[in-house]
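These protein sequence lines are chains B and G, in that order.
Numbering that gives the first Met the number 0 numbers the first residue of the first sequence as 0 and each following residue consecutively.
Numbering that gives the first Met the number 0 numbers the first residue of the second sequence as 0 and each following residue consecutively.
There may be inaccurate statements among the hints.
The list cannot tell twin chains apart, which means a pair is met if one copy fits it or any two copies do.
[Stated by the list, open to error] Result set (DSS-like, lysine-lysine): computed pairs, CA atoms no more than 30 Å apart in a straight line:
id	residue 1	residue 2
1	215	275
2	14	27
3	167	215
4	275	167
5	167	199
6	275	222
These are calculated hints, taken from the structure and not from any lab test.
Protein chains: 2
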Amino acid sequence: MGFCLGVDLGGTNVKMGVFYEDGTLRDKWEIPTNRANSGASIPRDIAESLLERTERLGISAQDTLGVGIGVPGQVWPDGTVDAENLGWERFPLIAGIEAATGFPVAADNDANVAAAGEYWQGAGRGYNSLVLVTLGTGVGGGIVVDGQCLSGAHMSAGEIGHVQVEPKETLRCACGGFGCLEQYASATGCARMAREELHKTSEPSVLRGLRDIDAKAVWDAAKAGDRLALRVADSFCDYLARGLAILAHTVDPEIFAVGGGVSKAGQLLIDMTREKYRSLALSFCRDTPIVLARLGNDAGIYGAAAMATQKLK
Amino acid sequence: MGFCLGVDLGGTNVKMGVFYEDGTLRDKWEIPTNRANSGASIPRDIAESLLERTERLGISAQDTLGVGIGVPGQVWPDGTVDAENLGWERFPLIAGIEAATGFPVAADNDANVAAAGEYWQGAGRGYNSLVLVTLGTGVGGGIVVDGQCLSGAHMSAGEIGHVQVEPKETLRCACGGFGCLEQYASATGCARMAREELHKTSEPSVLRGLRDIDAKAVWDAAKAGDRLALRVADSFCDYLARGLAILAHTVDPEIFAVGGGVSKAGQLLIDMTREKYRSLALSFCRDTPIVLARLGNDAGIYGAAAMATQKLK
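Input sequences plus hints: build the corresponding full structure.
Dropping the structure here:
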């Protein structure tokens with residue numbers, strides 16, 4: 000069986016994995032992201048680490064199908080990458096890793112790659128299409144249909160965080176828009192809604208005692224039955240459900256997976272969202288499963304390896 | 000060159016076309032839809048009409064690549080069709096036409112088929128992806144990416160009319176939801192908004208003199224500078240633009256085409272929608288062209304023929 004290499008390039012670390020062609024993880028590790036010199040050494044760092052590890056594992060070059068890589072930015076059709084975080088504009092990442100490893104390299108945006116990972120070996124395993132919504136500082140996502148990530152004509156497909164769910168919003172989103180999903184169903188949005196709710200009433204809440212309110216505190220309080228926190232959680236899930244219903248009426252995936260830091264809130268978040276989703280979705284897609292993502296921080300290396308098997312074989 | 004046959008099955012008429020493989024129309028005609036007996040004769044009616052016409056045109060069976068057909072309902076993976084309008088539930092349409100013609104037959108929902116037509120030979124010609132939004136009594140749509148229609152896991156992909164654009168709406172949509180795009184950006188929605196606006200103020204308007212207000216009257220008045228009608232037109236385009244921005248952030252097509260009866264309002268509708276869309280879309284997809292659909296009522300036969308060439312060759 001062949002092997003494929005998955006790379007998840009982040010601003011702090013580069014996660015890497017060696018996978019059997021069938022999706023079984025053989026080994027994983029990470030190296031720091033060297034951002035010095037506008038990240039000029041990153042392609043070589045990645046290549047050397049991959050070559051050293053595969054050699055140590057006794058995997059020959061001819062058994063290596065290729066490398067997939069998820070990047071925190073845009074991948075252009077010519078293989079160059081824009082990543083604000085790393086100071087990259089049209090950076091020749093793919094060519095650099097191909098030259099240094101001799102392997103074919105495929106790259107895509109990290110949100111799409113995570114969706115590909117969940118599709119291949121996570122929550123979407125056995126399904127033909129999946130939408131992954133990632134609830135972190137912001138809201139990201141990826142859409143996979145029949146094994147292909149939708150990238151979009153301007154690399155904006157799956158920009159689920161910027162789907163408008165509250166047209167009357169007066170606060171501006173980081174993107175410049177108003178009422179984006181990310182303004183509510185993210186860690187930041189959750190904490191903001193809690194602060195607003197605390198400000199609006201004098202109702203007792205365990206959240207009042209806290210110096211810093213974050214999404215985890217809100218969800219912990221909600222689980223403990225704090226009524227104010229439950230209202231915030233309810234709003235959070237209402238907005239998320241609106242976003243999922245919009246995805247059902249445009250892309251209509253076979254399953255929704257919810258990942259990212261806030262998804263650690265777990266089954267309560269899923270159950271509340273599912274109930275609200277059912278009241279918003281057309282009857283045909285009312286029963287689309289909504290589940291927790293399964294691969295956590297490894298979704299990126301899985302998805303990158305999936306790209307290597309699918310696009311490069 | 001081979002030929003492909005496109006069929007657009009409606010509740011009143013069946014439109015049919017013979018196309019050269021490259022998309023050139025050779026001949027088109029229509030026959031009445033015989034709804035008697037739960038439409039039992041429809042497969043045979045279509046088959047006989049196709050065979051008679053191709054024979055008259057001197058096209059041999061071996062030069063005929065196949066038949067595509069757009070239906071006003073759902074096509075199941077086993078080739079049976081649900082169409083409320085015709086009283087069909089799991090009706091064996093594909094098998095019926097295949098048996099009676101000897102040609103391979105492909106079928107899809109008529110909204111998807113119209114999108115495929117615009118993609119192949121209409122507004123989307125030369126583009127890799129297109130979303131068609133059809134503004135009629137309701138709002139329909141279809142999404143084509145890399146030559147494939149997105150059907151969705153429950154045949155709800157491209158149900159653009161039921162994307163929620165006004166979460167605060169208290170009127171219920173026909174689908175049971177609240178605030179669906181179809182409640183505003185359709186012929187019905189346009190007339191309703193005009194009536195509401197007339198009721199709300201005593202402002203003079205040419206619309207006040209009319210016994211029946213329809214979308215055409217509203218757009219004609221708007222073009223003539225009627226301020227009340229212009230406000231309604233403005234709302235109409237605002238909602239439509241919200242829907243398009245949502246599509247840009249999920250599917251991100253290369254071009255949007257706007258068709259259906261209300262699109263006869265023409266360039267004013269397009270220009271107003273485009274301006275609003277630009278303020279709602281992420282910068283990457285702000286310049287996605289929004290254009291009028293080009294094939295009018297022939298989109299269905301073109302798209303059906305496209306399916307015949309693509310899926311059956």
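Cross-check of the supplied hints:
no.: 1; hint: 215 <-> 275; in the structure: within (21 Å within a copy, 37 Å between copies)
no.: 2; hint: 14 <-> 27; in the structure: within (7 Å within a copy, 59 Å between copies)
no.: 3; hint: 167 <-> 215; in the structure: both (27 Å within a copy, 29 Å between copies)
no.: 4; hint: 275 <-> 167; in the structure: both (20 Å within a copy, 15 Å between copies)
no.: 5; hint: 167 <-> 199; in the structure: both (19 Å within a copy, 21 Å between copies)
no.: 6; hint: 275 <-> 222; in the structure: within (18 Å within a copy, 42 Å between copies)
Checked against the numbered hints above, the structure breaks none of them.
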